Amino acid sequence: MDAIILQILNGLDKGSAYALIALGLTLIFGTLGVVNFAHGALFMIGAFCAVTLSKILSLSYIILDETQTDFLGKPLKVKVPYAESWFGPEIGAAIIDWSVPLAILFSIPVMLLIGFAMERGLIKHFYKRPHADQILVTFGLAIVMQEIIKYFYGANPIPTPAPDVFTGSYDFGVLLGFDPNVIIYPYWRLVYFGFSAIIIGAVFSFLRFTTFGMVVRAGMADRETVGLLGIDIDKRFTLMFGIAAAVAGLAGVMYAPINSPNYHMGMDFLVLSFVVVVVGGMGSLPGAVLAGFLLGTLESFASMNEVKSIFPGIDQIIIYVVAILILLTRPRGLMGRKGVMED
Amino acid sequence: MFGLDKKDATLLVIVAILTLCAPFLLNPFPSESALAQFNAGYPDLMQRFVIFGIFAIGFNILFGLTGYLSFGHAAFLGVGSYSAVWMFKLLSMNVIPAIILSVVVAGLFSLLIGFISLRRSGIYFSILTLAFAQMSFNLAYSVLTPITNGETGLQLTLNDPRILGQSATADGSIPVTSLFGLEMRSTYELVMGPWAFQFNAGYYLCAVIMVLAFYMSIRIFRSPFGLMLRAIKSNQTRMSYTGLNPKPYTLAAFVISGMYAGLAGGLMASMDPLAGAERMQWTASGEVVLMTILGGAGTLIGPVLGAGFIKYFENIFSKINDTVLHSWFSFMPDGLENLVVMLVYPFIGKGWHLTLGLMFMMVVIFLPGGLVEGGQRIRRLFRRKDDTPAAKTEPAE
Amino acid sequence: MMGILEVKNVNKRFGGLQALGDVNLSVAENSVHAIIGPNGAGKSTLLNCLVGKLMPDTGSVLFDGQSVLGRTPHEINQMGISRVFQTPEIFGELTVLENMMIPCFAKRDGSFRMHAIGHMFDEAELVEKAEHMLESMNMAGKHHMHAAAMSRGDKRRLEIAMCLAQEPRLLLLDEPTAGMARADTNNTIDLLKQIKDERDITIAIIEHDMHVVFSLAERITVLAQGMPLVEDTPENIKGHPKVKEAYLGEAH
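Residue numbers (the working numbering), protein chains in the order written: chain A, 1 to 343; chain B, 1001 to 1397; chain C, 2001 to 2252.
Among the hints, erroneous ones may be present.
Computed cross-link-like contacts, DMTMM-like style, restricted to lysine to aspartate or glutamate with a CA-CA straight-line distance of at most 20 angstroms [what the hints assert, rightly or not]:
hint	chain 1	residue 1	chain 2	residue 2
1	A	K308	A	D2
2	B	K1247	C	E2075
3	A	K128	C	E2093
4	B	K1006	C	E2093
5	C	K2107	C	D2057
6	B	K1007	C	D2122
7	B	K1233	A	D2
8	B	K1247	C	D2109
9	A	K150	B	E1373
Rather than coming from a laboratory, the hints here were simulated on the basis of the structure. What you are looking at is a predicted structure, and each value in this text was computed from that prediction instead of being measured.
Construct all of the structure, not just a fragment, from the sequences and the given hints.
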């Protein structure tokens, strides 16, 4: 029992990331009818927003500290971050420590901008082209984006720690009446899960309760008709793409402390996120979220030693096996609607 | 000639001559000159040209004709490589049985994957093939380690049985791959004045096989079967209401292109007898997509051009570093020189993939027919200048 | 007498909507049978049930004594039923001659034949057949044109020619003149008349345009709200009060 709870918890953070990326993919696909292979790259750029901000915040200058000496007896050279010298040592240190959460604020405008630019500059011209062309051009764009990041940040993963407060783990077992140290869960993963839940909630309420959201939902159901109603769908599409990019970016920002960002992390997530979208049902937002968590949890179950001793290597392939089975038995996915992408 | 009409026969002959003379054509610069870095007439690079050419020709039979975009073809290449290496380990170092086995195994594997993936079309098909390939890659890395040797990759050892050959040579080293005794690595160097040309046995084996593969693809393009494949791409509704069953046609195309990929994988292992899981990764599948599109999907010569183009520039671009750049632009005033070098630098050397990505996007956006279409446009431009009416381009050329 | 096409008690529901209710229809061999009815009468649903695109909930569809239900479109086509679509379905990226070759192959080789070695234009017999067909449709000289580049009228002719190349016993036409100018419509009528005179073929036509229906049909079935209303000769249909009611009802 405790092992099962632990695995469910372990599946949550990966599941959250899958769900957020899949949500963005589905938004873009559902409203714009575009298959975006560069969505993983947006996730990756989000993570690098966190890296960038933490680098900017910890920019330092060097002073000679007379109170300390090195082994030759000379005064020690000490790096002092600008942040500390401007805001005082304590607040400055806190700002640096909290750079990842701060990066949320930093990343939203950046991601929106990237999203707008991408839609206006490229995607717009591909609405009427075949899906194969959309896949190809966004695939090319993904390569370009990740190579740019690689050029500036190098090929190695860059550790980006979460604030100190969140290091350590929470002992869930005690809460549920198990022995201590049986079910422990890192705080930051808990934060990640909570954060994703908020974002998912925000996206859904945005679609549910605003006029804009209503038009978007109508557009997802029947794009042509909405166009005929004389609603300026172009601007909304651009905004929608920006939002989807921001969602992917935010997922990336907060994921940075869990896995040190590297330039190809987006591609790794993209393949799985596509599988998630397909399992959830192309064009179904709840399906994307559900499938994201489902597959995340399934993956962590499959990596239990008990399971692996029966089916060796199952953790490596479980997601693909499930996806293939679902596609063959329920071609529309778990919650897909009739008439979406049925060519 | 060979059942081809004049135009196709000419194309085949040109390709054959170009591949057979490649050691000359790719080494136009004297080996001591500053331009020698643009030479590409080295055995391993030339082998890569033709092997990836075969891979792309096969991929084009599926994607170019039927329009089904597979993102998992590297899996077949990987399977082919593994089969070939196993043949070297167990049977003998002769490349023929290894190549045959790799084609057969890749064919069977693609039959299985194709049968399942082709139950869906469009983007679902792409994602299914992607999932299958990624699954194979993960399996090769983990569970199948006894067969694939996991991360290290499958290699030959001195303890391999090699029933029809020898486990080790007389001097105690691992034997090398050969074609009935002709070693694949043997290279004849012809020195003519300042030029040096290399003729490699392995390259010529690959080149001959590629010309054959190219010939087969022309035959398929012009055959009734090829017509049906193009019909699938054009209009599946009309196809089934004309009494034709698209499924077996598509599956046949899928298996044929899988066998081409297996052939390429087998040749790769024959030139250098090792196989690693990274050959199956989806980035590798992406590469063959890039080659085919860049050259011109659905055209005969396009995939070969694309493969050669990408492999050539990959090799050349990654050799250029900032010292080379500085020497190129040294005629400029210092400040300007540094600026130009700084601007160009991100696109060369390790930045080759950036250039590739940009180029690929440009092709998809502006030139969906790839290099072949580009060539046709230029040709038409010249014809118009001559005031001759532009001839209609033949479809599927 | 048993017709070449026998539809018996066919029902089809979409959710709460009864698209077809107990449809019975008998098309006599070598006749021209029109199925008419106001919008939403279930004409297209009925057609889709005949060609394997839809599966009726109950009932039977017999073609020449054999059931077509549960068969795929290409199987039904190989039985001898060809379909012409409302908007011409042709192979736009292929040349006109290639378009014509495809049904010729389908007729000779069946639904699948691995034919990867020969040259498609080496099949002299089939090329001749395709060219002959194009000629008889007044489309000679357009052999090497991309089908997509043709006018709509020509696309329609090509599609009909492709269907005829298969020598079907039953030709189904789904509003073949929809969206056509008067002149094109008249051309199509003449073409169909010519086809009927020259061949042993049964034609079932779904049509909105009364002019087309009354110029061609020997028998007419009127559908309304998924039910067959009347079946009779054109003369009797013209003044039939029920038919008038059905059509006038639609106008309101």
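Quick rundown of the hints versus the structure:
{"no.": "1", "hint": "A:K308 x A:D2", "result": "18 angstroms, holds"}
{"no.": "2", "hint": "B:K1247 x C:E2075", "result": "13 angstroms, holds"}
{"no.": "3", "hint": "A:K128 x C:E2093", "result": "17 angstroms, holds"}
{"no.": "4", "hint": "B:K1006 x C:E2093", "result": "23 angstroms, violated"}
{"no.": "5", "hint": "C:K2107 x C:D2057", "result": "31 angstroms, violated"}
{"no.": "6", "hint": "B:K1007 x C:D2122", "result": "16 angstroms, holds"}
{"no.": "7", "hint": "B:K1233 x A:D2", "result": "53 angstroms, violated"}
{"no.": "8", "hint": "B:K1247 x C:D2109", "result": "16 angstroms, holds"}
{"no.": "9", "hint": "A:K150 x B:E1373", "result": "32 angstroms, violated"}
Hint compliance for this structure: hints 4, 5, 7, 9 are not met, and every other hint is.
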